[in-house]
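Asker: If you want our numbering, it's the 1-based position in the sequence shown plus 45.
By construction, these hints were calculated from the structure, which means they are not laboratory data.
The structure displayed is predicted, hence computed values, not measured ones.
Watch out, some of these pointers could steer you wrong.
[Unchecked claim] With a cut-off of at most 35 Å between alpha-carbon atoms, the simulated DSBU-like pairs for lysine-lysine come out as follows:
no., residue 1, residue 2
1, Lys134, Lys257
2, Lys194, Lys183
3, Lys73, Lys257
4, Lys73, Lys194
5, Lys134, Lys194
6, Lys183, Lys73
7, Lys73, Lys134
8, Lys134, Lys183
9, Lys257, Lys194
10, Lys183, Lys257
[Stated by the list, open to error] Label-pair ranges, simulated between beta-carbon atoms:
no., residue 1, residue 2, range
11, Asp227, Val172, 29 to 37 Å
12, Gly115, Pro255, 21 to 29 Å
13, Trp122, Leu93, 16 to 24 Å
14, Ile235, Ile99, 38 to 46 Å
15, Trp122, Asn182, 16 to 24 Å
16, Asn101, Val216, 26 to 34 Å
17, Phe97, Asn182, 37 to 45 Å
18, Val216, Ile53, 20 to 28 Å
19, Glu188, Val155, 37 to 45 Å
20, Tyr96, Trp68, 13 to 21 Å
21, Ala65, Lys134, 32 to 40 Å
22, Leu90, Val241, 14 to 22 Å
23, Ser161, Ala65, 48 to 56 Å
Ideal Cβ placement from N, Cα and C applies to all residues, glycine included.
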Amino acid sequence: MHLQFSLIDAFSFSILIAAAIGWVRYRKIHPTYHPFIYLCWLGLLNELISYFLIYNGYSNAVNGNLFVLGEVFLITWQLRNWNGIHYFKGFYTVFILLCIAFWALEMFLVPAWNQSITGFRIFYSFVLVIMSIECLNKQLSTERGRLLKNPVVLICLAFILYFTYTVIVGVFWIYGFGGSADFRRGMVWILIYINVLCNLIYALAILWMPAKLRFTLPF
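Required output: the full structure, derived from the provided sequences and hints.
Answerer: Given below as structure tokens:
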């Protein structure tokens, strides 16, 4: 069991790679990518808090529930910077307000304060998948270079992979499709592996993020 916990810890802190690269390159990266850097830092902070709480016998549900609200805000901010979606004027504002309302309602309805909220995760994950697909389609229709060097393409692909599986896991949990304990454990491990893969993709994407534009005087 100790080996499993150690392995999970190592996988959880894989976001450290992207967060560290973002820290080093932050001043050079174009400001339109900054929300994603903030997301990586927030993810690392959440993992640090979770590690401390769990190994001291406490639940990490509270900070996890707070993290998902910050996560959806930062990802929406980032997708807006990329102009990835144009359903109607004020779409992003409406989406964030809906998320806040849904989050607050589920937090009020959960039986215990230290219980993770699932309905909200399914809702915002599903919408983020759609938004990421729209943003990816826009990039693919305009990109003429190497796609694996396009940070927007890489990040959108990672978002689609991670949040699609998050929706699947959430639906299984809510509707009781979890099956046996081994099956549920397997689903969690798959999510852990996907999280590691996405964190590595994030690190690669940050390496390819363009630098700030340099302006020179015309004389």
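Asker: If a hint holds in the structure, say so; if it does not, say that too.
Answerer: Status of the hints after comparison with the structure:
About 28 Å separates the Cα atoms of Lys134 and Lys257, which keeps this hinted pair within 35 Å; it holds. Restraint check: the Cα-Cα separation between Lys194 and Lys183 comes to about 16 Å, which is no more than 35 Å; the hinted pair holds. A C-alpha spacing of about 6 Å is found between Lys73 and Lys257, which places the hinted pair at or below 35 Å, so the restraint holds. Distance check on the hinted pair: Lys73 and Lys194 sit about 17 Å apart at the alpha-carbon level, within 35 Å; holds.
Restraint check for Lys134 and Lys194: the C-alpha separation of about 31 Å stays at or below 35 Å, so the hint holds. A distance of roughly 25 Å separates the Cα atoms of Lys183 and Lys73; the hinted pair therefore holds under the 35 Å criterion. Taken as a hint, the Lys73 and Lys134 pair is honoured in the structure, with Cα atoms around 32 Å apart against an allowance of 35 Å. A C-alpha spacing of about 18 Å is found between Lys134 and Lys183, which places the hinted pair at or below 35 Å, so the restraint holds.
Restraint check for Lys257 and Lys194: the C-alpha separation of about 17 Å stays at or below 35 Å, so the hint holds. For the given pair, Lys183 sits about 22 Å from Lys257 by alpha-carbon distance, which is consistent with the 35 Å threshold. In this structure the supplied range 29 to 37 Å holds for Asp227 paired with Val172, their Cβ-Cβ distance being about 32 Å. Judged by the Cβ atoms, the range 21 to 29 Å given for Gly115 and Pro255 holds: they are separated by roughly 25 Å.
Taking 16 to 24 Å as the suggested C-beta distance range, the pair Trp122 and Leu93 conforms, at roughly 23 Å. Separated by about 21 Å at the C-beta atoms, Ile235 and Ile99 break the suggested range of 38 to 46 Å. Evaluation of the 16 to 24 Å hint for Trp122 and Asn182 yields a pass: the beta carbon distance comes to about 20 Å. The hinted window of 26 to 34 Å between Asn101 and Val216 holds, with their beta carbons roughly 32 Å apart.
Between Phe97 and Asn182, the C-beta spacing of about 41 Å keeps the proposed range 37 to 45 Å intact. The given range of 20 to 28 Å is respected by Val216 and Ile53, whose C-beta atoms sit roughly 23 Å from each other. Hint check: Glu188 to Val155, Cβ distance near 43 Å, so the stated range 37 to 45 Å holds. The hinted window of 13 to 21 Å between Tyr96 and Trp68 holds, with their beta carbons roughly 19 Å apart.
Taking 32 to 40 Å as the suggested C-beta distance range, the pair Ala65 and Lys134 conforms, at roughly 38 Å. Between Leu90 and Val241, the C-beta spacing of about 18 Å keeps the proposed range 14 to 22 Å intact. In this structure the supplied range 48 to 56 Å is violated for Ser161 paired with Ala65, their Cβ-Cβ distance being about 28 Å.
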